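Trainee: These are the residues of each chain, in order.
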Amino acid sequence: MFKNDERYWDINLLNKWFAISSIIFLAATVWVFVDDNDDEFKDYQREFRKMQVQVAQEKLEQQAKEVSLEKEAYENALAVAQTEFDNRSDELSELKNQLSDLNDKHYNQNMKFQSQKASVEALKYLVEADNAHGGHGPSNRDEYYSALNKLDILRLEREDTEIQITKIESKIKEIKSIVKDKQDDLDKYTKQFTLTKNKLGKLDRSRMTMANKLGDIVRDLPILDFLDPYYKVNQIVVADVKYDVNFAAVPVVDRCTSCHLGIDNPDFSDAPQPYTTHPNLDLYITSKSPHPMNNFGCTSCHGGRSRGTSFVSSSHTPNTPEDKARWKKEHNWKVNHHWLTPMLPTRYTEASCFKCHSNTSDLAGGEKINLGLTLIDQAGCNGCHHNADWPTLAKSGPNLKRINEKLTEDWVAKWVKNPRHFRYNTRMPSIFEQPNQESEEVTEYNNVEIAGITKYLFEGKDSSPNANQVKYLGDPINGEKLFNAVGCMGCHVNEKNPENAPHIDNYQNLTKVHGPNLVGIGSKVSAEWLYEWLMNPQAYMPDTKMPNLRLEPQQAKDITSYLIQDKNQEFDNSPSHKYDKSVLDELTVNWLKKSNPEKFALSKASKMSEEDKLNFIGEKSIRHYGCFGCHHIDGFDDAKPIGVEITEEGSKPVGKFDFGLFHDIEHTVHAWIENKLRTPRIYDRGKESNHLDLLKMPNFYFSEEEIEAITTAVLAFNSNKVNENLKAHNNDPDLYKKGHRLVKQYNCQGCHLIENRGGQLVEHIGPPEYGPPNLNSEGRKANPDWLLSFFNNPSIIRPNLQVKMPSFHQINDEDWDAIIAYFQHIDSENINYRGIHQFDIKSNEFAAGAKLHEIGQCNSCHFYGEEFPTGDAPTWAPNLALTKERLNAGWVTEWLKNPQQIMPGTKMPAPYVPDSEILSMDGAESDWGSALVALDGDTMAMLDGLRDYLWNIKGKTNIDDIIKAYFDENGYDFDSDGGSDYGDDEDDWGDDEDDDW
Amino acid sequence: MLETFKHTVDYLSSPTISFSILTVITPILFPPTDWFDKINRKLGFHLLWTKTGLIAAMAAITFFFVVGYMDQNFNVILTKADNFPIVLMVYSIYFFTWVAMHKAYINDERLEKGLKPLEYNDPDDKVLVWPDLVYIEFIALILFTVFLVVWSILVPAPLEEPANPAATPNPSKAPWYFLGLQEMLVYYDPWIAGIVLPIFCVVGLMAIPYMDINKKGDGYYSFKERRVGIFIFMYGWIVLWLFLIVLGTFFRGPNWNFYGPFEYWDTHKVVALNSVNLSEYFWVKLLGKGLPENILLREFLGFLTVGGYLFILPFILAKTILKDMYEAYGPTRFVSLMIFGLVMLSLPLKMYLRWVVNLKYFISIPEYFFNI
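Residue numbers (this note's numbering), protein chains in the order written: chain W, 61 to 1057; chain H, 2 to 373.
Just so you know, the hints here were simulated from the structure itself, not pulled from any lab data. Please read these numbers as outputs of a predicted model, since none were measured by experiment. Certain hints may be false.
Claimed, not checked - Calculated from the model, a selection of chain H residues having no Cβ within reach of chain W, i.e. all distances over 12 angstroms:
id	residue
1	Val91
2	Phe139
3	Gly230
4	Leu292
5	Leu302
6	Val336
7	Lys351
What the hints assert, rightly or not - Straight-line C-alpha distance at most 20 angstroms; calculated SDA-like pairs for lysine to any residue:
id	chain 1	residue 1	chain 2	residue 2
8	H	Lys270	W	Leu721
9	W	Lys76	H	Asp133
10	W	Lys76	H	Thr146
11	W	Lys716	H	His269
12	W	Lys747	H	Lys270
13	W	Lys76	H	Pro132
14	W	Lys394	H	His269
15	W	Lys76	H	Lys270
16	W	Lys716	H	Ala82
17	W	Lys394	H	Ala82
18	W	Lys747	H	His269
19	H	Lys81	W	Lys747
20	W	Lys716	H	Trp257
21	W	Lys388	H	Pro157
22	W	Lys76	H	Trp257
Note that the Cβ used here is the ideal one computed from N, Cα and C, for glycine as well.
Pulled out of the complex, with its shape left as it was, chain H reads as follows (with noise of 0.2 angstroms):
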């Protein structure tokens, strides 16, 4: 029986099918549309940010990590002083997810009723920064700082040996917070998996209060009212982000291959990588010719399918099923979210067609270290 459950979990936490059925669910879970909502509501994941949901869900997480930690192949990867914050991580996702979510959906049937918001209710609408404030954050540095205090010495720091370039660690890790960025490496060149998609991150972020115009769910908590917007950021921060990192956490062993939380991290295992450029499918498989020897021509292709995903596939949205959105927005507007969108969307994309058709690169010139 346990051993069934281990080897589904096994099973379904390979990158392929946890990321498929995360992506699946994420639309389910924060509905962008109706028909999604109905989905939800049909499936009952709604109740998940109801008190009993959130005791179920955490009693869930709990089991995994008690089955985990009495595994004899999880418990060496759990125990790890390293992985700590990430277990803390998982909890902490879904309880302040949980904190917004039950919240908002108060609201919203309040606003569905025609009241005002909770958060209006409050005493003449104000809140005193001194002294509640500052007296309640000032508690709770002090409670935080026990907590670190007690954590550094129940768990002592995780040091290494000096280091040795004749003995490198395997799997060689990035700090845990680094760990997405570093899962991002297996499907994309180092200079856009480090350095272009990290800025478009930042910069998107940064962007964010610029290109909404929504004016409503401002100061309280509310989901139906920008169910777009927060699908899309969680599915971001969730998925592209949080997952990624338990991923390179929990489940990337030696040489980087994945390994089930429950399976033995053999240095042995190896996986077939062969995977394969857009202008091999082109001109090898495709037109059964080798390569031609100009670059340009060789990877024409590549460059066609880049620039028309990235240049001209949000003229045609605009023209097409975002007209609305592209007339609410105006131009400036439109195309940045459709810049900053489109990057984003190209990390599935990318790891989807990887995982597909075994695509490696849609421009490969290695001659020049230029991957995409």
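The shape of chain W in the complex, shown without the other chains (with noise of 0.2 angstroms):
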């Protein structure tokens, strides 16, 4: 063997060194497998597996006790029928015995037919072989023959066999059955308790036997895992939600559920994160909901990065800072910077509401969307920031083209400079005085800005004398009442008291503020002016939201004059408008900078006048800021929105957005919608920009609900796409979108009740059923001829309400039918045109209606025609005449049989209908009458007739002038009219209205 003892190296320490290295190294491919097995996933699904036992040992326990009743009384048979069993055990032996001779008997049997069947089929062969091609050789017909016979005889002996054994195996059956059926109804009684078992004997270690035991551990160990293991990715491949990688669209993969273990299991509502149970099954995840968890899966409305199995890696977003301490704490949670559409804080998750339900904002539950999506409408944020998915319907402000006829200049300059000045809670947002106008430099310039657009606005217009004039006013108290009374109070309020005044954290508040709150109105317009806008709103102004309602000229005078008397004192006192004429030559020449050389910038400002330079800063100005976003003003017809477009706002990488100089506000999008919408100019903070550069956005003075729910409709606006299948609008009409968005535009709920939303005008009016009617059901209800000519001209449908449908005479047929199509398409309504009702005046149902409109009285409450009820004027209800044009004769059956169902708290009574026991008893005929006796108690068929009967009334349809004329002469005043029938829950009626209606 080769031999060198040539070494300048200690051999001995190098093999010292060799094996410690290679310790080292073994511990670090230990550490390797270690690590790359000890998710954290799996912890969090071995603490879950120790709840999953506790609970269904809890569920064990308590079924234990549930059949621990009865499990005696089913044992003792058990034990019963097993001693029973025991003292034949001989027979059974015997039996057995006998059974197993016999079975080898035919096994022997079998054997020996087997065999000949097979020589059988090989002589079938030869001879049909020989039927066929004939004359080879030596027939085989006889021998197949006698073979077949032999066949048959074995085949008999066989059966003899067969029968003798099932004759035993049937003895043995019985016998045994004493036991099994005993023990059959024992296993039936605690079927539950037993499979509860198994399932805990699966779960819990301790309750296995050793094999399952090694198994168990075995089935998770590194490299053998990928057969069948307990811990395990859970992950649900959503192929309709599409992941955006660039140039491709992957499905989601959402690997939420390895953690969320017990998120679609009710046992785990009051779990702890993450095992608990998601909130509202009813909605989401489970198969029975809308949104099943397998095609929607959870990121989809969640957000976040779906592929993450940890805490950090799967970008979850804290909802308040203390979330944020507490996780930085706890699962030393960070930002993740590389994902780019981290999960939405839960106060925005109804953002995603919007990806599939784009059409609407209608969404029960829905409620922050819906305030937000109605708020951006309404504050106008589509006039400056185009968005193509919520596309603008109209202009949010007044239409200022007339402003000369409304408004003084002084009132308009101070206005624009402060609104809030004026009306504390106005929708119009500040422009000005705003926190990056601080310097004098830039106060300067927009106090010549908003001459500038003050006088553009009135530039070539007659400025009226706005004297209050007598001939105008009426009597304020009254007006008071009418103002309370006829619905004005639908979209206005008059409130001085700003503690007092809505505040805006709901739909329902936001209906109270449709319209400006209306204090101050003496300082701002005259009493002739506010008159005629009474009495004809579209006259001054034909697109205006305000409808008209149809008021008589002594009622207008008397709201005028209740109106007109409110003065802002403070606002008339405050000095007028002032500039300084160098700050406008200069504005002018920086102006015209922008487009000209400066030597011909000065050489044309210096050939304008003083009016020529304000016209032309007014017009700057409005372009500049955007004032036609909201409002028409001449000359701007065509402008082009000023802001940044937000139809995919919500989804704009966090490092497209200007955070300003300053660190003190978080970098998410959501955090940066939000302070852009509490401090607009907020991202000016120490910038030096010039004064045309500064960021323009006015502030709205939102609440911080109204920023919330604005933030989440904003958020709502991205490119986060899903297929189309999944989109709810695939079933809707594009109808139903207009129709919805034009019930939100002209406020409709301010009055009605539709979809569970609005109707506040009833707070100020009382009990429900005198106030607006809420339209439940209407798309069912309402026939739609009849519905479209009511719209145009409203008339008097319940003739003891004091509020009044107003004229829109400004939505025209179009418009009306859109709405229409949303009131049916709420109601799942989706026939469009019906047949004229066909009913038998001859039938018996309708002589059996006839009688049950006798029994009920329907006339002391409803007007036939011109036939006045017999009741008093605060039970009237509507003109049985006109059921058959109004009303659709499906839904009336249904709304006789239960009306309190469809109208809660109307005073329409179920008519009484008797059942057939009540029919069947002595005398009934007399009584009930043969047509309800010959019905025999079904309810439908004698509600049809009702209605049938409805249908065949006759008489005069419109019935207003007979309505108007008789409380032209009673009065409205029910407290003193109306007496003990009328009940004291009526508070709120004007006293003693004795002029109109």
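Could you fit the two chains together into a complex? Lean on the hints.
Mentor: Below, the structure written as structure tokens:
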């Protein structure tokens, strides 16, 4: 062997080093395996397994308690059966012996039979071959037949034995069944208990056999765990929701359920995160819900990194600073910088509804996004920020083309400078006096701009004298009553005290201030203008949202004098708007310089008069600040919006937002939007910008709740698209969307309850039956032809109401059609055309209906054409002669069956319908009439008959004149007139209305 | 106190100052002539290669990183998984330089006393590859594998989001080993900084054995016997390559702007970039005219400068101050050496011209994408 003694290194030392480094290397390798398999989600799964064991154990104990009641009885029965069985054990063993012998015999016989069968088949072939080709050799025909005979004999022998076997088997079965039946009974009784026990046996290692225990450990070992591990990543592949990886879209793979293990299991509703149940299983997650987990996944609503399997890698986003601090401590949470779509904080989850329900804000439970989208419409965000997915329907501010008839220049200048100075809760945002305009230089520029804007708006228009003329004034006390009663408060408040003004934290309160707060109106408009406006708003502004209340001149005068008496003294007394002429020159030159050389700008400016300059600055400023986004202004009819497009604002990467120079705002998209809404100029802090380069989004002074709602809506405007088949609006007609937007635009929900939202006016009126009707089931209820004619020319339906449906002449038939389509859609009403309801007045049902009608005394409340009800005015109800025109026949039966269900709080009682028991009593025929008796308690047939009877009522359909005449004569004073039957639940009525109606 | 330290470091690390300091210090650290050697001894720089020097320098580097780790701004950059190799690099540059210089100094002393270098005394003047060297290398291999494994466990791979042309990272950085090249791009056109200079680096390194005629210092550590060569190499390697990597890693932030290590990476930072071409200096600033239409006429000064620098300067040098060298090396070696040397020197020269006189390009022909 080769031997080399030549050494310059101590080989033993090297050996030691080698040994040490190998051990370290082994340790590192083990570490690799441990690190690779020690996933965070496995800890959660182990913990959840313990919880499952506990839940199962509790269930088991509970079930053990339940079965313990009768278990003993079953067990005793089993014991008795067992004794009987034991007594017959000799018999049983004898039978078993016989069976064994017979089976042996059968085996032998079967062998013989099979062997013979094979021979027969072979012979059969030979015979058939001979038949076909013939004569080549000896015929096997005889041999074949004798073999066939023998086969039959063997078969019969075998069958004999089989019969004997069956007999003995059934005897054995009979003996065994003594015990088995009882055992089955016991098993059936304890089935649930046994199931839970088995489940527990698979979960709880301590209950397993040694072999199963070993198996349970081995299945989760590294490498082997590819087969069937217990602890594994759970994932849902959501084919219809795509994740955009640039140039390709891949289905989302949601692994959230790897840790959120109890999300679909109601047993864990009290468990802590991440094991807890989803709070709304009726709407989400379960296969019965409209949003099953397998179709929608988790991240399609919540966002985040769907493939993450740890707390940090799944990009959770804290909802509150407290959450953030706790997460940092408990989970070492940090922002995943490289994931551009982090999870939505829980307060903004509703933003995700919009990606599938993109045509509507009317989502059951989606209060925040509904408020947000409505606010976006009302605040006029789209006037400056184009949004393809939620386009604006109309300008949100008043038309200013005839401003000279309504306002004075002095008032307008002061208003533009600070609208809140005049009206503390106006929707008009403040463009000026904002934080980035505080320097003296900018303030001076702004003063010039305000003067210019005012000048421009009034340019070339007569400013009429603004004196309050007595001939337009009436009785302010009566005016106040009218203001409160006819429905003004469906859209307006007249509230001096900011403390009492509606705080907009929900949609209901938003409908209260759909129109302006009318405080201080006496400082704003003249009596003449206000009177004309009340009489016919469209005469002044054809596209106004204000409807025509069809007031009598005297009523309009009364309301005018009530409203006009309130003046804002402080505003009136504040000095007129002033500006510095030298600054006007400077600003004119600055603007001219933008598109001209300075020399030219200077010479051009020097040729302009002061008025020219003001006009010039006015036009530039209106364009600069985008006033035309909300107002119609002469010369700006085709102007393009000035703001950033927000169609996909919600999915803009956070790096594309300018957070300004300060670092005190969290770098998230939602924090940016929140702060922008709260203080629109906040990102100018510390910047040295030129006056015309300052941020210019005006301040709307939104409440925190409004900010949250609008942020939700803006986050909803994003590029996260889903496949068409997930989109809810595939089932919805376009008209529905338009109708729904129109309902919001004209604030129908200020007066009416639609889709469980709105109807706040009733708060000012008292019991719901004296307020505007709720419009539940309106789509199924109203005949669309009649509804259209009613919208265009409202008549009195409920004679006992003082509040009245105004005329919206500004809504054309096409839009009314959309509104009707909206009503029909929310009631799943798909019929566009209906035949005339046919009925036979000679039928038995009709006669029964007539009888019910007679018993029901409908005429005590209802009008029959011009025939007055027998009861008093407060209980008056719709004209039944109108029914056939106004209502759908199917709905009427439904209504008659249970009016309270359709319109909670209605005074309409369900008509009394006798049941078959009553109708079969002696003398029923004389009490109820033969027609009713013949129907024998068929409720629907009786109600159909009643409906048909109503259809047959004839008379005048429009009875406005006689009702008006009645109230003109008797007044609306129900308290003194109505007496006892009117009850004391009513207090908000006008007390001594003695004029109109 | 700490703040003052941080501000000082921030100030000193700006490329102009730190590069200048390194340029001045390198000849003192690796003195190519006796004069520099005297300064070295006077300032005590030679102590850096003693064992105390090792401990002190390691402590100083560690102190810097500890302070950096505790600093809110530097922490963000220092703890990036991408930047970990640079921290290791800073330690290892010094350590391996120290090993070589430490041994070289000992040998230099022995040689001065007329003794043989240390390596000469190894047993029978040979080391066995098998089994000793191979065995040692194998153990080193295992330990290094352990190190890589542990590193990969403790520091997750710095993966980023799917590439998105609409959302590019700012700053966009090359892998750490190319950051020196990326830094050169600030001063030279891509075709020079990205192609010509790297090729010259590689070819130049390959050419060294063929151009080296110094027979001393072979097979043992020594500084004095080849101090000019070591100085040039060290300047190229540490200042022009490794320092630019450190600069690119730690000091280049959003928009490739310079940020001191303790400075916040503010995306809004704006630095005036208004450098001027040589042709503009000549025609516009000096003569007060417009630029000539003719490209060759316009850029004639640039062509003269570059041509003179690369092709005439070597001849002048050969006739004057490097006459001895020319004679010793012969024309081929001398010219090659000059070309490689001058190209290497062109980088610091251009950097200084940029900083001092705002020079953009010597030759600027954007019409044909040709800029030098």
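Trainee: Checking one constraint from the list: CA of lysine 394 (chain W) to CA of alanine 82 (chain H), max 20 angstroms. Satisfied?
Mentor: Roughly 15 angstroms between the alpha carbons, so the hint for lysine 394 (chain W) and alanine 82 (chain H) holds.
Trainee: Can the restraint linking lysine 76 (chain W) and tryptophan 257 (chain H) be considered satisfied, given a maximum Cα separation of 20 angstroms?
Mentor: violated (51 angstroms)
Trainee: Taking 20 angstroms as the top limit, are the C-alpha atoms of lysine 76 (chain W) and threonine 146 (chain H) close enough?
Mentor: holds (18 angstroms)
Trainee: Report holds if the minimum CB distance from leucine 292 (chain H) to chain W is greater than 12 angstroms, and violated otherwise.
Mentor: holds (25 angstroms)
Trainee: Between lysine 76 (chain W) and lysine 270 (chain H), does the CA-CA distance stay at or below 20 angstroms?
Mentor: violated (57 angstroms)
Trainee: Is it the case that valine 336 (chain H) keeps its Cβ farther than 12 angstroms from each residue Cβ in chain W?
Mentor: holds (45 angstroms)
Trainee: Holds or violated: are the alpha carbons of lysine 747 (chain W) and lysine 270 (chain H) at most 20 angstroms from each other?
Mentor: holds (12 angstroms)
Trainee: Keeping to a limit of 20 angstroms between CA atoms, is the pair of lysine 716 (chain W) and histidine 269 (chain H) held or broken?
Mentor: Measuring from Cα to Cα gives roughly 13 angstroms; hence the hint holds.
Trainee: Would you check the hint for lysine 76 (chain W) and aspartate 133 (chain H), treating anything up to 20 angstroms between C-alpha atoms as holding?
Mentor: holds (14 angstroms)
Trainee: Beyond 12 angstroms on every Cβ pair: is that true for phenylalanine 139 (chain H) relative to chain W?
Mentor: Answer for phenylalanine 139 (chain H): violated, closest chain W Cβ roughly 7 angstroms.
Trainee: Just double-check leucine 302 (chain H) for me: nearest Cβ-Cβ distance to chain W has to come out over 12 angstroms.
Mentor: It holds; leucine 302 (chain H) is separated from chain W by about 35 angstroms at its closest Cβ, greater than 12 angstroms.
Trainee: Are the Cα atoms of lysine 270 (chain H) and leucine 721 (chain W) separated by 20 angstroms or less?
Mentor: holds (10 angstroms)
Checked against the numbered hints given earlier, the structure breaks hints 2, 14, 15, 16, 19, 22 and satisfies all the rest.
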